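> Here is how the chains run, residue by residue.
There are 2 protein chains.
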Amino acid sequence: MGSVALDTVETPFGQVKEALGGSAVYFSAAASVYHPVSLVGVVGDDFPVVHLELLRRRGIDLGGLEVARGRTFRWAGRYDHDLNVAHTLDTQLNVFADFRPQLPAEYQSAEFAFLANIDPELQLDVLRQMQAPKLSVLDSMNYWIENKRQALTKVISRADAVLLNEGEAREYAGTYSLLGAARAILALGPKAVVVKKGEYGAALFTAEECFFVPAYPCEMVKDPTGAGDSFAGGFVGYLAKAGEVTPGNIKRALVHGTVMASFTVEDFSINRLCSVTWPEVEERYQAIKRFTHFDGPF
Amino acid sequence: MGSVALDTVETPFGQVKEALGGSAVYFSAAASVYHPVSLVGVVGDDFPVVHLELLRRRGIDLGGLEVARGRTFRWAGRYDHDLNVAHTLDTQLNVFADFRPQLPAEYQSAEFAFLANIDPELQLDVLRQMQAPKLSVLDSMNYWIENKRQALTKVISRADAVLLNEGEAREYAGTYSLLGAARAILALGPKAVVVKKGEYGAALFTAEECFFVPAYPCEMVKDPTGAGDSFAGGFVGYLAKAGEVTPGNIKRALVHGTVMASFTVEDFSINRLCSVTWPEVEERYQAIKRFTHFDGPF
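Protein chains in written order, with my numbering: chain A, 1 to 298; chain B, 1001 to 1298.
Calculated directly from the structure, the hints in this document are not laboratory data. Source: prediction; values computed, not measured. Even glycine gets a Cβ: it sits at the ideal position worked out from N, Cα and C. Any given hint could turn out to be false.
Below, simulated EDC-like cross-link-like pairs (lysine to aspartate or glutamate); rule was C-alpha separation at most 20 Å, straight line [claimed, not checked]: (1) B:K1134 - B:D1160; (2) A:K241 - B:D1295; (3) A:K17 - A:E53; (4) A:K289 - B:E1208; (5) A:K191 - A:E209; (6) B:K1251 - B:E1283; (7) B:K1241 - A:D295; (8) A:K289 - B:D1295; (9) A:K17 - A:D61; (10) B:K1241 - B:D1267; (11) B:K1017 - B:E1266; (12) A:K289 - B:E1209; (13) A:K251 - B:D1295; (14) B:K1289 - A:E208; (15) B:K1251 - A:D295.
Residues from chain A that face chain B, not an exhaustive set, calculated with beta carbons under 7 Å [said to hold, decoys possible]: (16) D80; (17) L179; (18) F212; (19) P214; (20) T246; (21) G248; (22) R252; (23) Y285; (24) F291; (25) T292; (26) F298.
For reference, chain A alone in the conformation it holds in the complex (with noise of 0.2 Å):
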C-alpha cells in the first residue's frame, strides 16, 4: 500500500517527465521479483493504462488499484552530484490528497504487508483491516514525525518492522545515536527496526543483535528516486518468498532489498527493476557476501 505516481526527475545523468513512479510501484516491482503482489493506491482518470499493463506483466495484482475522478498525484524533483539529497521542485497530491485505503477482501489475510510513507492514521487503518499478517512493515517520513507524531507512535507500536531513513530516526527519537534511536523505536513495541543509509546500505537493529549490509557498489547512479522503496520491495519479497520471519531470513533480507536497490538506481522509472533477472539478483547477492565477509586466524 502506498502512492502510485508520474514523476519528473532530473539528475546529472539524465531526466523523465511523467515517468512511472510512486512508494507503491518501486516496492511492488522489486517485490514481484520474489513474490506475487497485490497492490492497493490510488491513480487519477488521467493514468496512463500502459503503466497499468506493465505491472500487470510483472505479475502485480491491480485489485487494489482505485480509479478516482481527477488527477494522479505527481512528483517533481532534482538531484545534483550528491545524489543522497532530493530536491522536490513540486508536489502536486491530486486524488491521492483523498486516498482512503480500503482492502479489497483477499487483501485482508495476507500475509506480508508493506505500509508505505503516508498518513500514520490511514496506515492504522490498513493495520486494522488486516486479519493476522506474519510480517507488517512500516514506512515514514520526517512530515509525520513533526506533523502527525502521536498517531505514528500508535502505528509503529503495532507494526512488526520499522524502516527509517536514519535521518528520520534520529528525528523521531530525538537522538544522535542510531544505536539509541533504534532502542527506543523497538521500546515502543516492533521487533525490528530496519535503518536505511542510503549509499551506505543499511542496518537492522532487533532486542537480540544487529546487522549491517552495505550498499551494493554500483558502477554507474543515474536516479536514485525509488530506492528505498525498492529496499522494502526485496525485504518483504524475499521474506514473502521464504515464508517464515526468522532472524536468519532478516539478515538475508536485508541483503536482497539492498541488491534491488542498487538496480533500481541505475536506472529511471522501474525501468531497471523491469529487466532483471534472477543470475543477476543471486550474482549481487553473493558480491554482497564477498564484499563483507571475513574468516581465518583472528
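Add chain B to chain A, keeping to what the hints say.
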C-alpha cells in the same frame, strides 16, 4: 611518522585541555596493541614528560622523537552532536612547522611504515629514507590536495596503500563516485585504497576486489578525535603482527582498524586505547563478524 600534539577538545560529552594527541600518538597507541612501534615526530621543550612515559610504557620506541626548541604543536577543536564534523578553533604548528623527519638508522629497515598526514614532500623524503618496506601506508588531507597536488600525486604513486576520508578521496579524484575515485587512485600505483567513512565504517579497494566493514556500534561516542589514525594503527599493526600482506590479512586488518577506532572514540585522548585488553579486541572483532556475516540458502 606524524604529529605529536597537545589537543584541547570540546564535545557535547565533555572537554579536555592540552591532552596528549596527534596522528603519530593515536596511530602508535593503537598499533602497539599488536606489535612494537617506533615513533617519528617532534615535540617542543614544553612537552610534559609524563606523556613520554605513557608512550614508553606501551612499548613505543621514541628514538625517532625529536625534542626541538620551542612550543609543541597545539590543536583546539569542537564537535557538535554531528560528531562526524570537527570544527577547528585554533591550530598552532609551533615546532611542527619546521619538522624535517629523519629516520634513525635502525628504523630504515622497518617492514611496515605509516606516513600520517603531513606535507607530501616530507612523506616522500621519509619513503626515500626507507630500505624496502613490505608495506607503506599513506594518509593525507584536503589541504595537501588543494595546495600540493603534484607532490601528493608523486608520493601516492610510491606508496603501497593510501588511506583517505571519503570526502578527500572524492576531492582528489574529482568524482562523486567512491568506486570511481578509488579506481583513479589505484591507477596511480598503490595496490590498495582504504576509504574511511567515520560512523559508516571503512571500505577497501584493490584492483581485484572491494571489501566493506561497518563501524562498531559504540554505546557511547565521547570524542572522535584520532579515530582515523587509530584506524590506521589497527590496520598496520595487525598486518605487522601477521607479517605478510595477503588479501585475507588485509581484510582482517580493516576490521582491526575499525575495532581500534571504536575504542578511541569512547573517551578523550588515548585514554581508552591505554586500557584496551586483548579479550576486548577479540570481542569486538567477533561482534563485527556477527554483525556482517550471513549464510544459508540464497
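> Now tell me, hint by hint, if it's right for this structure.
Evaluation of the provided hints:
Simply put, K1134 of chain B and D1160 of chain B have alpha-carbon atoms about 8 Å apart, close enough for the 20 Å limit, and the pair holds. With a C-alpha separation of about 17 Å, the suggested pair K241 of chain A and D1295 of chain B falls inside the 20 Å cut-off, and the hint holds. The hinted pair formed by K17 of chain A and E53 of chain A meets the criterion: a straight-line CA distance of about 19 Å does not exceed 20 Å. Proposed proximity of K289 of chain A and E1208 of chain B is supported: the alpha carbons are some 15 Å apart, at most 20 Å.
Annotation: proposed proximity of K191 of chain A to E209 of chain A holds, straight-line Cα distance about 11 Å (limit 20 Å). The suggested pairing of K1251 of chain B with E1283 of chain B holds, with an alpha-carbon distance near 17 Å, which does not exceed 20 Å. Only pairs whose Cα atoms come within 20 Å are accepted, and K1241 of chain B paired with D295 of chain A is accepted, the gap being roughly 17 Å. For the hint linking K289 of chain A to D1295 of chain B, the alpha-carbon distance of about 8 Å falls within 20 Å, and the restraint holds.
The straight-line distance between the Cα atoms of K17 of chain A and D61 of chain A is roughly 26 Å, outside the 20 Å bound, and the hint therefore fails. Between K1241 of chain B and D1267 of chain B the CA atoms are separated by roughly 26 Å; this puts the pair beyond 20 Å, and the hint is violated. Taken as a hint, the K1017 of chain B and E1266 of chain B pair is honoured in the structure, with Cα atoms around 17 Å apart against an allowance of 20 Å. Note on K289 of chain A and E1209 of chain B: the hinted pairing holds, with a Cα-Cα distance of about 12 Å set against a maximum of 20 Å.
For the proposed pair K251 of chain A and D1295 of chain B, the alpha carbon gap of about 9 Å is at most 20 Å, so the pair holds. Our distance criterion of 20 Å between C-alpha atoms is met by K1289 of chain B and E208 of chain A, whose separation comes to about 15 Å. Distance hint between K1251 of chain B and D295 of chain A is fulfilled; the C-alpha atoms sit about 9 Å from each other, no more than 20 Å. Violation of the interface hint for D80 of chain A is found here, the shortest Cβ-Cβ separation to chain B being roughly 9 Å, above the 7 Å cut-off.
Look at L179 of chain A: its Cβ gets to within about 5 Å of chain B, closer than 7 Å, so that hint holds up. Evaluation of the F212 of chain A hint against chain B yields a held restraint, the C-beta minimum of about 4 Å falling below 7 Å. For P214 of chain A, the interface hint holds, the least distance from its beta-carbon to any beta-carbon of chain B being 4 Å, beneath 7 Å. Taking 7 Å as the C-beta cut-off, the interface hint given for T246 of chain A is violated, the closest approach to chain B being about 9 Å.
A cut of 7 Å between beta carbons decides the hint on G248 of chain A: the least distance to chain B is about 5 Å, and the hint holds. For R252 of chain A, the interface hint holds, the least distance from its beta-carbon to any beta-carbon of chain B being 6 Å, beneath 7 Å. Taking 7 Å as the C-beta cut-off, the interface hint given for Y285 of chain A holds, the closest approach to chain B being about 6 Å. At about 5 Å, the closest approach between the beta carbon of F291 of chain A and any beta carbon in chain B falls short of 7 Å, and the interface hint on this residue holds.
Below 7 Å, beta-carbon pairs count as interface contacts, and T292 of chain A has one with chain B at about 5 Å; its hint therefore holds. At about 6 Å, the closest approach between the beta carbon of F298 of chain A and any beta carbon in chain B falls short of 7 Å, and the interface hint on this residue holds.
Hints 9, 10, 16, 20, counting from the list given before, are not met by this structure.
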